[in-house]
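Chemist: In case you want the letters, here they are:
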Amino acid sequence: MIALIREMCHGEFEYPFGLTTPGGYALMANRYLHETNGKREHLHSVAVTMREHAKLKENAMMKDDLTLDEIMGTRLLASPLTKFDCSIVSDGGAAFIVTTNAKAKELGLKRDPVYLHGMGQGFSHQYLTSCENLDQIYGAVEKSGKKAFETAGMTNDNVDITFLYDCFTITTLLELEGLGIVPRGQAGAYALEGRLHKDADTPINTHGGLLSQAHLGAMHHVIEAVLQLRGDAGARQVKNPNVALVHGNGGIVSAHSTIILGNEPVS
Amino acid sequence: MSEEKNEYQKPLPDFRPETKPFWDGTKNHKLLLPKCKDTGKVFFYPRAISPFPGSVNMDFDWVESSGKGKVWTFSVHYMGPTRAYKGETYVVAMIELDDGVKMMSNVVGIDPEEVKIGMEVEVVFEDATEEVTFAKFKPVQ
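Protein chains in written order, with the working numbering: chain C, 1 to 267; chain P, 1 to 141.
To be clear, the hints were calculated from the coordinates, so they are not data collected in a lab.
Do not take every clue at face value.
Within a straight-line C-alpha distance of at most 30 angstroms, the following computed BS3-like cross-link-like pairs (lysine-lysine) qualify [stated by the list, open to error]: (1) P:K10 with C:K83; (2) C:K83 with P:K86; (3) P:K27 with P:K116; (4) C:K83 with P:K68; (5) C:K39 with P:K68; (6) P:K70 with C:K39; (7) C:K39 with P:K138; (8) P:K20 with C:K39; (9) C:K83 with P:K138; (10) P:K86 with P:K27; (11) P:K136 with C:K39; (12) P:K116 with C:K39; (13) P:K70 with C:K83.
Computed from a predicted model, the values in this text were never measured in an experiment.
Work out the full structure, taking the sequences as your base and the hints as a guide.
Modeler: Shown next, in the form of structure tokens:
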């Protein structure tokens, strides 16, 4: 994670100032807390919920108890982020097969497939220095979600379960708001109130996400979405989901993509 | 007894040819910003081609900034990207210059825990090596 910053930031106008990978996200996190009148707990509580989910996921890497108090008492890496606000480093593999409806029928699959209803992308900046403000990031997230909803012929109201790219706690909050899942400025409060938990009104990342399950990009997000839509998520199952949204992000909250999956075929 | 040369151990800029006027500026303790001749707007970071839409020009003016601005965001770093930062606590910030551009830098001359978003700052030049001077920022008194 330390070496990663060399790829993600400007080697001439950013790296020499000692920016680290968590530092880049921390810059955005502090601005977000400033604009939303928020506090550190709003960020950390995302990690708490992710750990609660990971405990129920058989292959999750992090299953130890994790409380908000513990995170508040942990040393900061780059204010306001602790190690618990950062995704874990993993080596592993994950796979899913993508094919046409016709081919799936021809192959005579044992399990029902899940259907890709919509997809979209949105981009903000290459380097943080060219990110004018948080609205620019929200705009990229919104554009990604909008296109996904348009191509799916759906809206936020259709979505039963959400998978967000939680490489850092801050990205989760920005995505929740940018996608219109929660009102602007309120994602932190949702997280603190436990509303992102699988049993609450805005369940996300029932597998524990990049923060507690593993970091293999959004691969496990797609897999968990499929499991949920099939009713195969066991102890993590939310009630009868028909539509799942999966969102990916790269760069320092700059490159966004969204897909919408459903257990009904595309009409 | 040999004199210990204090060699700068932290990362130096990965120089691109088009940014030379900027670094010549900082070496002379001036903060110069590139200005697109076509649109008349300043921009940062310096690039080979104007970043403004509709303007494909590679010919810029370099104007001197007042060096004044505000802390737009910051993060107190308790851990650095290389060994040279071991044991240090320092502030990385995005400074919003009065000129209307943002630049990343360090906020120096103040206890890191005292830095706040919105704080007024002004440029201060840090000679890292004989060749390289960085534009950093300190609180306006």
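Chemist: Keeping to a limit of 30 angstroms between CA atoms, is the pair of K70 of chain P and K39 of chain C held or broken?
Modeler: holds (21 angstroms)
Chemist: Compare the distance between the alpha carbons of K39 of chain C and K68 of chain P with 30 angstroms, and conclude whether the hinted pair is satisfied.
Modeler: holds (29 angstroms)
Chemist: Mind checking the alpha carbons of K86 of chain P and K27 of chain P for me, to see if they're no more than 30 angstroms apart?
Modeler: holds (27 angstroms)
Chemist: Would the pair K70 of chain P and K83 of chain C pass a check requiring their Cα atoms to be no farther apart than 30 angstroms?
Modeler: Answer holds: K70 of chain P to K83 of chain C is near 29 angstroms, not above 30 angstroms.
Chemist: Would you check the hint for K83 of chain C and K86 of chain P, treating anything up to 30 angstroms between C-alpha atoms as holding?
Modeler: holds (18 angstroms)
Chemist: Taking 30 angstroms as the top limit, are the C-alpha atoms of K116 of chain P and K39 of chain C close enough?
Modeler: holds (14 angstroms)
Chemist: Sort out whether K83 of chain C lies within 30 angstroms of K10 of chain P, counting only the CA atoms.
Modeler: At roughly 24 angstroms apart (the allowed maximum being 30 angstroms), K83 of chain C and K10 of chain P satisfy the hint.
Chemist: Does K39 of chain C lie within 30 angstroms of K20 of chain P when you go C-alpha to C-alpha?
Modeler: violated (42 angstroms)
Chemist: K136 of chain P and K39 of chain C: Cα distance at most 30 angstroms?
Modeler: holds (28 angstroms)
Chemist: Assess, step by step, whether the Cα of K83 of chain C is no farther than 30 angstroms from the Cα of K138 of chain P, and give holds or violated.
Modeler: Given that 30 angstroms is the threshold and the Cα spacing comes to 29 angstroms, the pair holds.
Chemist: Within a Cα-Cα threshold of 30 angstroms, do K27 of chain P and K116 of chain P meet the stated pairing?
Modeler: holds (28 angstroms)
Chemist: Just to be careful, I want the Cα atoms of K83 of chain C and K68 of chain P compared with a cutoff of 30 angstroms; is the pair within it?
Modeler: Violated - the C-alpha atoms of K68 of chain P and K83 of chain C are around 34 angstroms apart, more than 30 angstroms.
In summary, the numbered hints that this structure violates are 4, 8.
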